[in-house]
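Work out the full structure: start from the sequences and follow the hints.
Listed in order, the protein sequences are those of chains Z and R. The numbers in the numbering used here rise by one with no breaks, and the one at position 3 of the first sequence is 3. The numbers in the numbering used here rise by one with no breaks, and the one at position 151 of the second sequence is 151.
Derived by calculation from the structure, the hints in this document are not laboratory data. A virtual CB, placed ideally from N, CA and C, is assigned to each residue, including glycine. Check the hints yourself; a few may be wrong.
Some chain R residues well away from chain Z (every beta-carbon gap over 12 Å; in silico) [claimed, not checked]:
(1) Arg-153
(2) Gly-179
(3) Ala-193
(4) Ala-204
Sample of chain Z residues facing chain R (criterion: CB under 10 Å; computed from the structure) [stated by the list, open to error]:
(5) Gln-29
(6) Thr-51
(7) Asp-54
(8) Ala-129
(9) Thr-162
(10) Ala-178
(11) Gly-201
So the chains spell out like this:
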Amino acid sequence: MIRNLIRSSLVALGLAVPAAAEEAYIVVQSTTSTQNSGLLDHILPGFEAETGVDVRVVAVGTGQAIRNAINGDGDVLLVHSKPAEEQFVADGWGVERFDVMYNDFVLVGPKADPAGVKGEVDIIVALSAIANSEAPFASRGDDSGTHKAEMRHWKAAGIDPTSASGRWYRETGSGMGATLNVASGMGAYVLTDRATWLSFGNRGDLEILVEGDPRLFNQYGVILVNPEKHPGVRATAGQRFIDWLIGPDGQAAIDSYQLDGQQLFFPNAR
Amino acid sequence: MQNFASEFNIALSLIFRGDAELWAIVLLSLRVSIFAVLISALIGMPVGAALAVARFPGRRVVIILMNALMGLPPVVVGLLVYLMLSRSGPLGVLELLYTPTAMIIAQVVLVTPIIAALTRQVVETLAEEYSEQLRSLGVSRLASVPVLLWDARLALVTALLAGFGRAIAEVGAVIIVGGNINHVTRVMTTTIALETSKGNLALALALGAILVGIAVAVNALVSALTLRAEREGLRHA
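Structure below.
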């Protein structure tokens, strides 16, 4: 606050360059799905060319991204767990949350499908069937956005899978890709975002078994880390990035990204 | 299963065709780890040598602790350095998190105990050999440290290489404090971790082979230099 005041008065006196000019880069705390799917590599060059601001992406799970942002180690947060994001803003760590884009989660599993869930449209019914058959299920177990979503569905099914932890319920505590590698290796069911699945190269015997349940909707949001909490936050450049991302150019860039002819993310900023 | 042979060829042709992106990653790996080893040597060698010749109560305990620190888990070091460099940490104002400097700091913490412990061992043996000469010349124990380090220099190369091996191969610390940011802090090991998580196992393996190749090249180079120095030493003697 004081630092910003001093800076702006210096700018007014012509003794310092405006903040935007010295903010040559921003750090975005984001999730593995946006990076591993190639989306960020596709859209960021457009912003960087237009503004000259370099975007440095740290891709971790949503839970860790939010904790890093609370520590002030990022200027912008781009993640996918709306309840946790709203809590982040309510606690004062973020300025304001904006919808950016969505895709969906899918339940993948071995082609042999021991729990017989293929073609099921209700994710709750499918999870109950897996729990009943005690077929192996690989969970992120890392407080990521996907893990939070998975836990919400178990809760809705009235099942506590962690009581079977180490038996049919395997918590990898790792990223989406690492968990898919585990599932591929042991022939387990796993809940994944569609973007990571489509760009994943080691599918082995796995295929999509359950999709299309409206509860599998996966919304991404963007938030500027609150500069009043952390004066070091590059607020000007960070806000510029958010404005671009939810504006026509950013939304068009997201819309145009395809992998093997399939669209991975659908822009829906208002 | 994926076609390992073809992925391998892709990775090899990337490195031999001089793919700019891959080479930048290789060079950053080398830059970070070599810097870290040099700084660790500046700290670890005098400390190790001093510990070899000094006699004080609790010396044994210090040596045991130092030897144990050789096994520091990289993830823990990464976490500690992260907490120090985070904007909410004591050194947050330096804005070092997610930079190559942060990665060098983490590797220095990992490598210094290795170099110090190995130096202590080498110098202690040498000090026993020299003890009578040094005593007759009236050199105090600590004053003999530079002489001992200089005379042990060829044996100490192994300590440097052990430290380098640790630094270039670790991923746990640099991925936390560097953030694996493309074109900024992405090194060989974090690239391998990323490609593995994308399910590109063959590419990850090929990059691993390149990393091993680099380690072999560095060791061969140092070995050649050491050999030449030994020969010259013989000629002068």
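Going down the list of hints, with the structure as the test:
The beta carbon of Arg-153(R) sits about 41 Å from the closest Cβ of chain Z, which is more than 12 Å, so the claim that it is off the interface holds. The claim that Gly-179(R) is not at the interface with chain Z is violated, since a C-beta of that chain comes within 12 Å of its own (minimum 4 Å). Remark: the non-interface label on Ala-193(R) conflicts with the geometry, its nearest Cβ contact in chain Z lying 9 Å away (cut-off 12 Å). The Cβ of Ala-204(R) does not lie farther than 12 Å from every Cβ of chain Z; its closest approach is about 10 Å, which violates its non-interface assignment.
Here the hint on Gln-29(Z) is kept, as its CB sits about 9 Å from the closest CB of chain R, short of 10 Å. Given hint, Thr-51(Z) at the interface with chain R, is violated; its Cβ is 17 Å from that chain's nearest Cβ, farther than 10 Å. Residue-level restraint check for Asp-54(Z) holds (minimum Cβ-Cβ distance to chain R is 8 Å; threshold 10 Å). Hint status for Ala-129(Z) relative to chain R: violated, with the closest Cβ pair at about 26 Å, above 10 Å.
At its closest, the beta carbon of Thr-162(Z) sits 24 Å from a beta carbon of chain R; the interface hint therefore is violated under the 10 Å criterion. The closest approach between the C-beta of Ala-178(Z) and any C-beta of chain R is roughly 5 Å, which is under the 10 Å cut-off, so the hint is satisfied. Checking Gly-201(Z) against chain R: minimum C-beta separation of about 4 Å stays under 10 Å; hint holds.
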